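2 protein chains.
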Amino acid sequence: MDDIQFQLKAVVKCSSSLDDNDIKLSELNDFMRESAEPLLKRGAPPGCGAEIEGWGVSGEQLKLDLRSDRFVRAHDALIRLKKELGRFLAKYRIGIRGIEIESYEITMNWEEGIKLRRLPFVKELKHSDGRLTLYLDVDYAALEKRIPDRLLRLLEEKKTAASWKGKSEHWELLFESRSERKKSFRFDKDPTEEMVKRGWIRHAAGRGQWIYGPQITRIFRAFERILIEEVLKPLGYEEMVFPKLVPWEVWKRSGHARGIYPEAYYVCAPKTRDPEYWEEVMDYYKVTNEVPLEMIKERIEPVGGMCYAQCPPFWIFLMGKTLPDSILPIRVFDRSGTSHRYESGGLHGIERLDEFHRVEIVWIGTKEQVIEHANELRERYRRIFAEILDIEWREAWVTPWFMAQEGKAGLAELKEVGTVDFEAILPYSGKWLEFQNVSVNGDKYPKGFSVKLQSGKELWSGCSGVGLERWAAVMLAQNGLEPEQWTEGFRRITGELPEVFRFL
Amino acid sequence: MDDIQFQLKAVVKCSSSLDDNDIKLSELNDFMRESAEPLLKRGAPPGCGAEIEGWGVSGEQLKLDLRSDRFVRAHDALIRLKKELGRFLAKYRIGIRGIEIESYEITMNWEEGIKLRRLPFVKELKHSDGRLTLYLDVDYAALEKRIPDRLLRLLEEKKTAASWKGKSEHWELLFESRSERKKSFRFDKDPTEEMVKRGWIRHAAGRGQWIYGPQITRIFRAFERILIEEVLKPLGYEEMVFPKLVPWEVWKRSGHARGIYPEAYYVCAPKTRDPEYWEEVMDYYKVTNEVPLEMIKERIEPVGGMCYAQCPPFWIFLMGKTLPDSILPIRVFDRSGTSHRYESGGLHGIERLDEFHRVEIVWIGTKEQVIEHANELRERYRRIFAEILDIEWREAWVTPWFMAQEGKAGLAELKEVGTVDFEAILPYSGKWLEFQNVSVNGDKYPKGFSVKLQSGKELWSGCSGVGLERWAAVMLAQNGLEPEQWTEGFRRITGELPEVFRFL
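Chains as they are written, first to last, in this note's numbering: chain U, 1 to 504; chain B, 1 to 504.
Calculated from the structure, these hints are not laboratory results. As the structure is a prediction and not an experimental result, all values here were calculated from the model. Careful, some of the hints might be misleading.
Stated by the list, open to error - Straight-line alpha carbon distances no greater than 27 angstroms define the calculated DSS-like cross-link-like pairs of lysine-lysine that follow:
id, chain 1, residue 1, chain 2, residue 2
1, U, Lys126, B, Lys233
2, B, Lys159, U, Lys145
3, B, Lys286, U, Lys158
4, U, Lys252, U, Lys233
5, B, Lys145, U, Lys286
6, B, Lys115, B, Lys63
7, B, Lys297, U, Lys297
8, U, Lys233, B, Lys233
9, U, Lys197, U, Lys431
10, B, Lys145, U, Lys145
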């Protein structure tokens with residue numbers, strides 16, 4: 001923030017009068033000049049920091065006008081001052097009862113183009129001549145909780161986001177599969193439509209949700225088996241069961257609480273399980289055959305969301321623990337449930353879903369282990385895609401998934417932490433579909449969930465999501481629904497596709 | 001409802017005045033006597049039905065006082081009358097603009113003991129001398145929608161529920177396993193506590209939710225494999241993937257919308273995915289590190305619940321279809337995700353959970369097929385419990401699960417439709433735990449989801465839920481956590497339990 005100014009007016013309320021004793025007042029004067037003034041500049045470059053623009057005593061109240069630059073922000077100055085003043089007043093057996101914030105204004109340079117409508121804890125915004133003034137609505141507790149600092153960080157973020165506007169996300173080609181038949185795929189239809197026609201799938205009652213019949217389920221399970229046999233077993237993975245309802249605490253630690261809201265499916269719990277509390281709702285339904293949404297909304301409370309990114313809730317298993325270095329790398333996976341995202345509108349078949357199925361793979365180790373393991377995984381995936389699924393794809397270095405999910409975009413300057421996306425072309429539409437990722441997440445999760453290594457070394461982690469619908473979308477779009485068009489290896493795993501239903 | 005009386009005052013509003021023409025009035029008189037009166041008694045026993053207690057004309061309004069017993073309820077009488085009156089008035093080029101309900105009172109015998117506080121569409125309730133009077137708050141559309149009929153059905157239900165109060169649910173012993181060591185189990189500890197100590201599981205961030213480590217996950221997958229090899233494959237089952245977010249429509253058709261509310265986890269979707277709509281929420285979080293629940297509540301809408309009973313959302317796959325008889329019996333299962341119930345308070349370990357994992361088994365056929373298949377399933381389960389899991393259990397005939405989940409209790413008079421619960425004793429607590437069920441659901445689901453058979457025969461279905469945590473709770477409570485205490489058959493399937501984590 002360039003040329004930032006802080007202007008804070010506060011009233012310190014004391015346990016008894018400060019002006020019924022001249023000695024005290026002159027001593028207070030000395031305190032302000034000799035103790036307070038230097039205190040508010042401590043640590044700042046010469047000529048910088050906070051200063052007391054004025055002060056005055058009236059009964060039990062001490063009024064303070066503080067002004068500062070970015071070096072000792074006025075609210076930090078006030079917090080420093082409170083401590084020192086408390087010590088000084090204690091000599092006179094006077095205590096500090098509380099501090100009232102009369103006003104707090106922050107002024108900084110701000111580009112005309114970046115519009116702000118409102119901000120939390122800001123009662124008024126003024127923007128003119130390239131200067132932005134925030135009139136804060138805060139109490140002393142809010143200052144102690146660092147609300148102004150996070151507010152300024154939020155402004156920085158908005159500035160950066162505005163500078164990204166229009167720019168696409170980072171994308172850098174790393175690898176491309178090549179085979180002779182590249183331009184002549186065996187199939188040119190939309191696999192979702194074909195599956196609907198054949199009765200393999202049917203749209204479910206919810207948005208972006210399908211019911212998968214025996215044939216496609218056989219294909220999903222074949223993908224899982226291939227993944228287990230070709231990747232997970234050889235690389236030493238063990239299966240776990242990760243939770244699927246994600247309480248706020250997890251998203252706070254994983255960072256998703258910063259930006260997941262527009263895409264989350266929220267979970268609410270009943271405020272109580274007492275049947276009497278719910279009787280009116282049940283009675284209303286029984287009499288109208290309509291679910292009374294407003295009555296329900298009054299009786300439930302949001303407790304979190306449905307599984308979105310799959311690995312975050314696992315980290316509670318390790319939260320607060322210290323691991324011996326000898327057990328690294330840890331390699332676990334989960335395939336115990338659905339993931340849910342409120343996707344953008346329109347129908348997209350099984351390529352873009354509100355409810356989908358994914359095997360989530362997590363590895364944890366030293367930085368070197370985690371990076372090396374990501375490469376091993378990529379190698380093994382490539383073998384599956386080339387030899388068993390027989391598809392064409394490319395790999396790209398993109399904005400790390402957790403940055404994207406926190407609502408951050410822009411360049412992935414990092415060369416070690418980041419996401420590799422696997423993308424494949426869908427011949428029927430000519431569009432590329434991301435169907436797989438391998439991510440090195442750095443120390444983000446161990447830090448967020450306070451997991452440490454005995455040696456004190458940095459603990460890193462990586463994750464990779466295998467979306468069963470995405471694999472199916474790519475493999476069926478490129479190779480079609482007829483098993484004769486698939487590799488023998490894949491056909492051997494699926495066996496003959498089961499026929500269970502027929503309709504008239 | 002004994003000795004019930006209906007008293008309805010309505011005003012029929014016409015398109016032009018009814019009393020500016022004497023002929024019309026006398027003809028109206030004739031209409032009332034000759035057409036209306038007999039119409040309101042049609043179908044009722046002699047001396048019964050509805051009658052017009054009085055009527056009068058004032059301008060464009062025709063006032064009607066109707067009274068009836070239970071045979072032609074006054075609102076039905078009004079609906080009949082409207083049709084006939086419309087035909088009569090049409091001769092004079094007069095139309096009916098609308099009908100206003102001035103008052104509607106229903107009086108019936110009602111036991112002193114059964115308290116009612118309020119009812120939907122009832123503005124006042126009076127209860128004295130064994131008579132209950134309902135003063136309804138309804139418009140004509142509500143009468144057409146049969147609100148009064150469903151209100152009376154609701155009262156019948158409350159009466160029945162009151163008569164059950166204090167009585168336990170139906171429970172009738174069908175089968176008991178017997179072995180010599182019955183009274184001397186190999187283990188007497190709480191398996192949840194033991195698993196926590198060994199680091200096999202850790203409580204997750206949510207209520208009644210655990211994270212399952214590699215050892216217990218291996219045991220869960222062993223259960224699944226046993227189930228597939230010993231039951232599902234031999235009985236001809238194929239796997240499907242059922243949806244896990246359950247929209248209201250499904251619960252309306254399955255009957256759960258009648259009573260599931262106190263135990264459901266609700267799912268809400270964002271009202272829009274527009275990031276600007278969510279900016280305030282994100283800003284607030286970024287500035288406070290607290291999730292703003294009230295702001296979120298304003299921005300989301302309940303769309304249904306998380307998976308509760310597992311098979312209902314499958315039925316959308318068949319909804320509205322006619323099946324050829326030759327494909328019966330249909331046998332499918334699902335193991336694609338979690339189930340969620342807001343369970344009663346307190347900690348219960350893995351025996352009673354808010355989030356659990358279940359293989360759901362569904363079979364569909366003629367009545368005979370469905371009943372026979374339920375027996376085959378029970379036989380095969382027994383073999384697993386006796387020979388592979390080596391546990392003691394009993395089986396009981398209980399209130400059908402779907403009645404219980406709709407908030408109904410009481411006797412299971414039916415001998416063909418109903419639920420068999422498998423229960424096992426937990427040695428550490430001496431309590432019985434229901435760990436499995438086999439249910440014959442009759443024609444409930446085919447009816448609710450409009451699925452028909454080509455031959456016109458009644459279509460039935462059954463379902464059976466295998467809760468992995470429940471199997472584990474029973475098997476570990478009776479046999480302990482040391483593989484040496486398990487059968488060789490079970491050990492062969494689990495293999496050596498994996499050790500992935502160690503903590504300092």
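Right, here's what the structure says about each hint:
A hinted pair counts as satisfied when its Cα atoms are at most 27 angstroms apart, and Lys126 (chain U) with Lys233 (chain B) does not qualify at roughly 71 angstroms. A hinted pair counts as satisfied when its Cα atoms are at most 27 angstroms apart, and Lys159 (chain B) with Lys145 (chain U) does not qualify at roughly 56 angstroms. Pair hint Lys286 (chain B) plus Lys158 (chain U) holds up; C-alpha atoms about 12 angstroms apart against a cutoff of 27 angstroms. Of the pairs offered as hints, the one joining Lys252 (chain U) and Lys233 (chain U) is violated, with about 33 angstroms between alpha carbons and a cut-off of 27 angstroms exceeded.
For the proposed pair Lys145 (chain B) and Lys286 (chain U), the alpha carbon gap of about 12 angstroms is at most 27 angstroms, so the pair holds. At roughly 35 angstroms between alpha-carbon atoms, Lys115 (chain B) and Lys63 (chain B) are farther apart than 27 angstroms, so this suggested pair is violated. Between Lys297 (chain B) and Lys297 (chain U), the direct Cα distance comes to roughly 8 angstroms. Compliance with the 27 angstroms bound is thereby established for this hinted pair. Distance restraint check for Lys233 (chain U) and Lys233 (chain B): the Cα-Cα separation of roughly 25 angstroms lies within the 27 angstroms cut-off, and the hinted pair is therefore satisfied.
For the given pair, Lys197 (chain U) sits about 22 angstroms from Lys431 (chain U) by alpha-carbon distance, which is consistent with the 27 angstroms threshold. With a CA separation close to 56 angstroms, the supplied pair Lys145 (chain B) and Lys145 (chain U) exceeds the 27 angstroms bound.
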